[in-house]
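Undergrad: Listed here are the chains, written in short residue letters.
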Amino acid sequence: MDALILLIPIALFLGLLGLAGFLWALRAGQYDDLDGAAARILFDDTPPRKDP
Amino acid sequence: MPSTPGARPPPASCAQCPRPPLDFTTRAQPLPGGDHRLELLISGLSCGACVWLIEQALAAEADVLAARVSLTTRRLTLRWRGPAARGNELVALLARLGFRTAPWSPACLRAADDAEGRALIRALGIAAFGSMNVMLVSVAVWAGGDMGDATRALMHGLAMLIALPVVLLAGLPFYRSAWAGLRAGRLNMDMAVSLGVLATTAMSVSETLRGGAFTWFDGATTLLALLLAGRVLNHGGRRRARQASAQLLALQQGSATRLNPDGSSQTLPLEAILPGHRILVAAGEALHLDAVLEDATALLDTAAITGESLPHPYRQGDTLPAGATNMGAPFVAQVSATLAEGSLAAMARLLEQAEQSRSRITTLADRAAAIYIPAAHAIAVATFLGWWLLGGETWQGALVPAVAALIITCPCGLAIAVPAVQVVAAGALFRQGVLLARPDALERLASADHVVLDKTGTLTQGRPTLLPDPHPEAALRQAAGLAAASRHPLARALHRACPDATLADGVREFPGQGLQAPGMRLGSAQFLGLDQQDDGMALWFAAPGQPPQCFRFTDALRADAPAAIAALQAQGLSLEILSGDAPPAVAAVAATLGLEHFTGGVTPQGKAARLQCLTATGHHPLMIGDGSNDAAALAMAHVSACPAGSTELAQSAADILLTAEGLAPIPAAIATARRAQRIARQNIGLSLAYNALAVPLAVAGLVTPLLAAAVMASSSLIVILNALRAGGRTWTR
Numbered sequence: 001m002d003a004l005i006l007l008i009p010i011a012l013f014l015g016l017l018g019l020a021g022f023l024w025a026l027r028a029g030q031y032d033d034l035d036g037a038a039a040r041i042l043f044d045d046t047p048p049r050k051d052p
Numbered sequence: 053m054p055s056t057p058g059a060r061p062p063p064a065s066c067a068q069c070p071r072p073p074l075d076f077t078t079r080a081q082p083l084p085g086g087d088h089r090l091e092l093l094i095s096g097l098s099c100g101a102c103v104w105l106i107e108q109a110l111a112a113e114a115d116v117l118a119a120r121v122s123l124t125t126r127r128l129t130l131r132w133r134g135p136a137a138r139g140n141e142l143v144a145l146l147a148r149l150g151f152r153t154a155p156w157s158p159a160c161l162r163a164a165d166d167a168e169g170r171a172l173i174r175a176l177g178i179a180a181f182g183s184m185n186v187m188l189v190s191v192a193v194w195a196g197g198d199m200g201d202a203t204r205a206l207m208h209g210l211a212m213l214i215a216l217p218v219v220l221l222a223g224l225p226f227y228r229s230a231w232a233g234l235r236a237g238r239l240n241m242d243m244a245v246s247l248g249v250l251a252t253t254a255m256s257v258s259e260t261l262r263g264g265a266f267t268w269f270d271g272a273t274t275l276l277a278l279l280l281a282g283r284v285l286n287h288g289g290r291r292r293a294r295q296a297s298a299q300l301l302a303l304q305q306g307s308a309t310r311l312n313p314d315g316s317s318q319t320l321p322l323e324a325i326l327p328g329h330r331i332l333v334a335a336g337e338a339l340h341l342d343a344v345l346e347d348a349t350a351l352l353d354t355a356a357i358t359g360e361s362l363p364h365p366y367r368q369g370d371t372l373p374a375g376a377t378n379m380g381a382p383f384v385a386q387v388s389a390t391l392a393e394g395s396l397a398a399m400a401r402l403l404e405q406a407e408q409s410r411s412r413i414t415t416l417a418d419r420a421a422a423i424y425i426p427a428a429h430a431i432a433v434a435t436f437l438g439w440w441l442l443g444g445e446t447w448q449g450a451l452v453p454a455v456a457a458l459i460i461t462c463p464c465g466l467a468i469a470v471p472a473v474q475v476v477a478a479g480a481l482f483r484q485g486v487l488l489a490r491p492d493a494l495e496r497l498a499s500a501d502h503v504v505l506d507k508t509g510t511l512t513q514g515r516p517t518l519l520p521d522p523h524p525e526a527a528l529r530q531a532a533g534l535a536a537a538s539r540h541p542l543a544r545a546l547h548r549a550c551p552d553a554t555l556a557d558g559v560r561e562f563p564g565q566g567l568q569a570p571g572m573r574l575g576s577a578q579f580l581g582l583d584q585q586d587d588g589m590a591l592w593f594a595a596p597g598q599p600p601q602c603f604r605f606t607d608a609l610r611a612d613a614p615a616a617i618a619a620l621q622a623q624g625l626s627l628e629i630l631s632g633d634a635p636p637a638v639a640a641v642a643a644t645l646g647l648e649h650f651t652g653g654v655t656p657q658g659k660a661a662r663l664q665c666l667t668a669t670g671h672h673p674l675m676i677g678d679g680s681n682d683a684a685a686l687a688m689a690h691v692s693a694c695p696a697g698s699t700e701l702a703q704s705a706a707d708i709l710l711t712a713e714g715l716a717p718i719p720a721a722i723a724t725a726r727r728a729q730r731i732a733r734q735n736i737g738l739s740l741a742y743n744a745l746a747v748p749l750a751v752a753g754l755v756t757p758l759l760a761a762a763v764m765a766s767s768s769l770i771v772i773l774n775a776l777r778a779g780g781r782t783w784t785r
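Residue numbers (the working numbering), protein chains in the order written: chain A, 1 to 52; chain B, 53 to 785.
Next up, chain B with everything else stripped away, as it sits in the complex (with noise of 0.2 Å):
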């Protein structure tokens, strides 16, 4: 169908393609007395400032009861008194203060539902109030050397009685971890804090009804409040990567708009949208469904689902493949399958299947604790059995230094010095635009060794640009001028190379031929009946008394692709091209680039498979890509990166996030893992070395607590100091 002849084109910039607004109505929940509440996500929100202008704008409002933004969650609290239509309004007045918005998903709610969040900073109060409380006791003990043996019994009862509760509460997300890794057959870290404490708390509880000389009830409970510190920074840091994902993603969660059969049309979420169905794709909206085209002609860019970087003609009764962007005039098409068994689910089960394929990686943390706890119990098991049977010693004597020995190992430095490095380089990646969205992803990427890169819109910008050939001024602003009319990316690419050419009156287009206006053409050779070879990268153009002229474009590569490539080759990295597009065009990007390995025509199985090959002998790629073709890749990989603007498959498949496009921010992350990495290796090296010292003497019985308090300090202190180091730059400014 062509468009209307002469009609206005939309704006050029695509950030303003027409997206249907979605519609509100639905998701406002009616609350007693005619109210109405909804929960929105805000996007752009990006200081205390928005803040304040957003509730302010809406507090404005008449029937507006309560607007709350929380700037963490990005969560809009909203209440009304009136219908729940009144809701699309109020979400068009945010869209005119610069404000997206998108309904409040229940991923959203999951990853900004944060009550194992809460629970850490409650156990983290008390144990802080509990070890300040006991150490007002256990000061005294130090320090009175001259206090009399009742005097210092009620010193250590009154310590038992402030410890003993906080040691059981503070200490539950500790014993919850590690009762889970003993049930799945693992010893972790937890395991060993939560022996430690519990075995100083039970020792110094007998030492208090004995009426000994120490009790060590303010290690244990200063030992909990440091390492829940510890525990609430990571927890904090992980959220934060989680919630950036879950939003990204529910920014993107499409609508359509569906004609019904008394002819009115309705903007309805996706899952509403029934096979049989008839949908109206407006010019520039994505389809998000599979669908098979009833007008007579579409115009549809393939980029993200096949790589190929120039959009495809359609005709009439062509199924059309979901995630295609609609590049031509608006068209009908009649839904085949619904969201969840159409092509686009088909290849999120791909991604799930690759997804359960991966190998976990053992952490560098596991691996530590994996030797160092077992050798650890087994001094301290040694020590109490020594004193006991060989030192001559009553049993009670002999578990002071085997406790001691304990809570010397215990593994504060340890347990802090990994998830420090990872808390500090993940918020110096955060500061770069590199978010972490798995736990484990700043340890693969730091064992990456091959990069696997897709072309289009990784590589490439994704979108053609005019070559620099001369051309007559006057003919390019002539066709520039027509060009305006039209969506398509090649006519959109001459535009942008001319962007004060005027639109030409009465243009009239011929989807996925060209365009006429009164005495010029504009189009493929063949449009304009030239006999002449047409790779599609070309657009000519005829006007009265002057040669046709040839426009040709290229998809440019990104300005910061061969800087990347070559700093990325200078870590030592091997790089491979893997693209679903033509392999000529693929072929030409790499020798651009100067890589030598490179494969086109790809299917996203073939995409996988290659990942899969690679990874099973031996080697642990890192794999970059935007398009839902290589989403069952990126899930394959050892670790995955993909660049903003990437489509939503990609995203939640990706370990890593850019919030920028291009590439340049990988090896710059690159080398924060390697460096963090190499840190955390350091602080592992430093805590034990504290305890190679100090572990003797607990053997040997001489550790007092007051002794045993600043070694564990002091280890803690150094090893939080050199992760700092992991940020980098920041550090040393």
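Next comes chain A alone, as it looks inside the complex (with noise of 0.2 Å):
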């Protein structure tokens, strides 16, 4: 049963990862446009960078 002590705060530490990494994915607007990122990944060009 020691293991508990290590393995119970290990595991919430990696959800709690995962709920930041969800919140963050969030607030960055990632979930603002479902349908265009499902295509966006297909696109292969990438934009003709031009400077400023």
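Please keep in mind that the hints were generated in silico from the structure rather than gathered at the bench. Hints are supplied without guarantee of correctness; some may be wrong.
[Unchecked claim] Output of the computed footprint for chain A on chain B, the stretches with three or more beta carbons under 8 Å from beta carbons of chain A: (1) 119–125; (2) 177–189.
[Said to hold, decoys possible] Facing chain B, from chain A, some residues (calculated, C-beta under 10 Å): (3) L6; (4) I8; (5) L16; (6) G18; (7) L19; (8) Y31; (9) D32; (10) A38; (11) A39; (12) I41; (13) F43.
Glycine residues also receive a C-beta, built at the ideal position from the N, C-alpha and C atoms.
From the two separate chains plus the hints, produce the assembled complex.
TA: Below, the structure is given as structure tokens:
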């Protein structure tokens, strides 16, 4: 049972890491255009970059 | 003012009617450093490839700094270095690619701004995290039968640590809605959810502190996650419908060409045009403002305002109605009222009054909740009192079966039962080209028992077609060659009947009368000097060496109208026609369709009054119309629909928008709505049956958290699976 002392905090930490990642993605607007995001992965051209 | 002799007419298709390009210069926001930003609504965006095309084409322009399209909201955010006027060129580039654009209107922003959706997704994320991590410890307690008391207490303590913040944060959408309902004096479903979750959490905290054998943190968090998942789906569907209707309106937002005193002209948004300004209305352009004609004559199609199918000639000094379309030559008119005070705005106010007086329907979910929630709470309270006073338990001990009863009756299945059906049905309708613009449209549609139809543009095509009388081929070809020079609906119809006719030389148009080319005349009987009766739906053609030829026209029924009418009758709905057009024309259409009840020559107020009368006598009328004159009636009806190409006012008044012209999707939509309503009732029945089995066990104190979780999940699952049937064919395919 001593393993619990270590394992439970690790499990919770990993879970919280996932939650933090999710909240960051939400805040960064990654959930705003779900339809577009599904298609964007297929765009292979990098748009031509211009020097300002 | 006759058009220039021999002038080339614009292309025959009306989609290419010249629309003055809107000046986007004023819409571009200046950014520091000489950059500008423009937000646009893009129409015709159907898939990822369109997004790619637009972004690539704009990025290839040397001065464009950023171009990003959102496929969900159809919004393009464009940033460039240089003057604001450059925006017009970029918009023209999009037009060449085949995309229509409109300024991103505040209404679009409201519809797309999805703070509520983001809050729901955030709550769902938190609840899902919480329920999984609570399960981590709860499963250990369920599985570890030989667990020591100290370890179990540690597990419960950990579960409490995770669950308390999760219940507080993820439950916020429910608590807010429950509180709002309570303040309005209504018990809604969210009230039951909030009470169930909070009571379960409170009891579990008390059990943890007492060192009890069971806690229910897993139930509370899983319940929240399941309900939030349903809520997110529901919200997404409603947002899509709201956005679609806001964008349809934004695309129709017009502009006008103002003639300045110095002789220059300027395309301006309608709000900027004031009384006294002179505007130029191009051929085929819509007149959005009330105005007085300055030129000698004008020919306007007023079908959208009065329902009349033939254009009206106007003379100098006549008042022109806003909402009409110019069918003749370009003319100049003096504006007599601003947009906010004109006749279109007056119709919009009529519409608002109608909407306010419309009765609110109690939805199925509301009715179920109104009976179910008090019953569930009464059972919980009775269980608590029974165990405490009669069963000899301590009050904490009596709380356990009471909360078990509360969580078993917690309307998980019930809360998903109706929304799940509506999401599936709305999705199926969306694919059939039927948009539900109001949340209760589906239930209203299911209960419709009477259909009121507009004629012009709804049952008929709203434009004349040539009757197939025997015409000499040569005469038809010559006449069509003349007709090609005019925008008059009858001339256009004649040209459509013989589209490859070449334009005759030297055609001169006499608006409201006819066309003349050397040796040939096409027009009314009077114009040709013939002594013939003319009902306005005929053109006469005279050429040397031929007897005068008569071409007769009719406002033909839409090809799908008879089938749709028959399908509606087969569904047990009674029908009537309510039209602003002349009674004989209405009677003819009614006779063709075999409809007994029809009224012609009805004013917009008359239409609204008829709908009010129907509603007052206990009918549930479905109104279908497309004109501004139908708008008040659409708003007054129990449920209303308008086909594609309807006027802006009609679209903002209707519950249901069709994305195709014609009535074909309506019977299918009614069938889907009725089916959805039936399945929703079944679902409510199913979740009640579950409760009938599980509640006695809970009251008897026999339900463990494990059993409660199993019951909750399986009842939700059955209800969701049943709801999938509401999509109809997609499920059986």
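Undergrad: Measuring from the C-beta of A/D32 to each C-beta in chain B, is the shortest one below 10 Å?
TA: holds (7 Å)
Undergrad: Does A/L6 pass the interface check with chain B, least Cβ-Cβ distance below 10 Å?
TA: Status violated, d = 14 Å.
Undergrad: Measuring from the C-beta of A/L16 to each C-beta in chain B, is the shortest one below 10 Å?
TA: holds (8 Å)
Undergrad: So, A/A39 near chain B? Judge it on the closest CB pair being under 10 Å.
TA: The hint holds - A/A39 has a Cβ within 10 Å of chain B, the shortest such distance being about 2 Å.
Undergrad: Hint validation: A/F43 versus chain B, beta carbon distance must be below 10 Å. Holds or violated?
TA: Nearest chain B Cβ about 5 Å off; hint holds.
Undergrad: Hint check: is the beta carbon of A/I41 less than 10 Å from a beta carbon of chain B?
TA: holds (9 Å)
Undergrad: Is the interface hint satisfied for A/G18? The criterion is a beta-carbon contact with chain B at less than 10 Å.
TA: At 7 Å from the nearest chain B Cβ, A/G18 passes the 10 Å test, so the hint holds.
Undergrad: Tell me whether the statement that chain A covers the segment 119–125 of chain B is true, taking a Cβ distance below 8 Å and needing three residues at minimum.
TA: Per the Cβ count (5), the hint holds.
Undergrad: Taking the least C-beta to C-beta distance, is A/L19 closer than 10 Å to chain B?
TA: holds (4 Å)
Undergrad: Does the interface hint hold: is A/Y31 within less than 10 Å of chain B, judged Cβ to Cβ?
TA: holds (6 Å)
Undergrad: For the hint on A/I8, does the least C-beta distance to chain B fall short of 10 Å?
TA: Status holds, d = 6 Å.
Undergrad: Verify this for me: three or more residues of the segment 177–189 of chain B with a beta carbon less than 8 Å from a beta carbon of chain A.
TA: holds (count 7)
Hint 3 alone, counting from the list given before, is not met by this structure.
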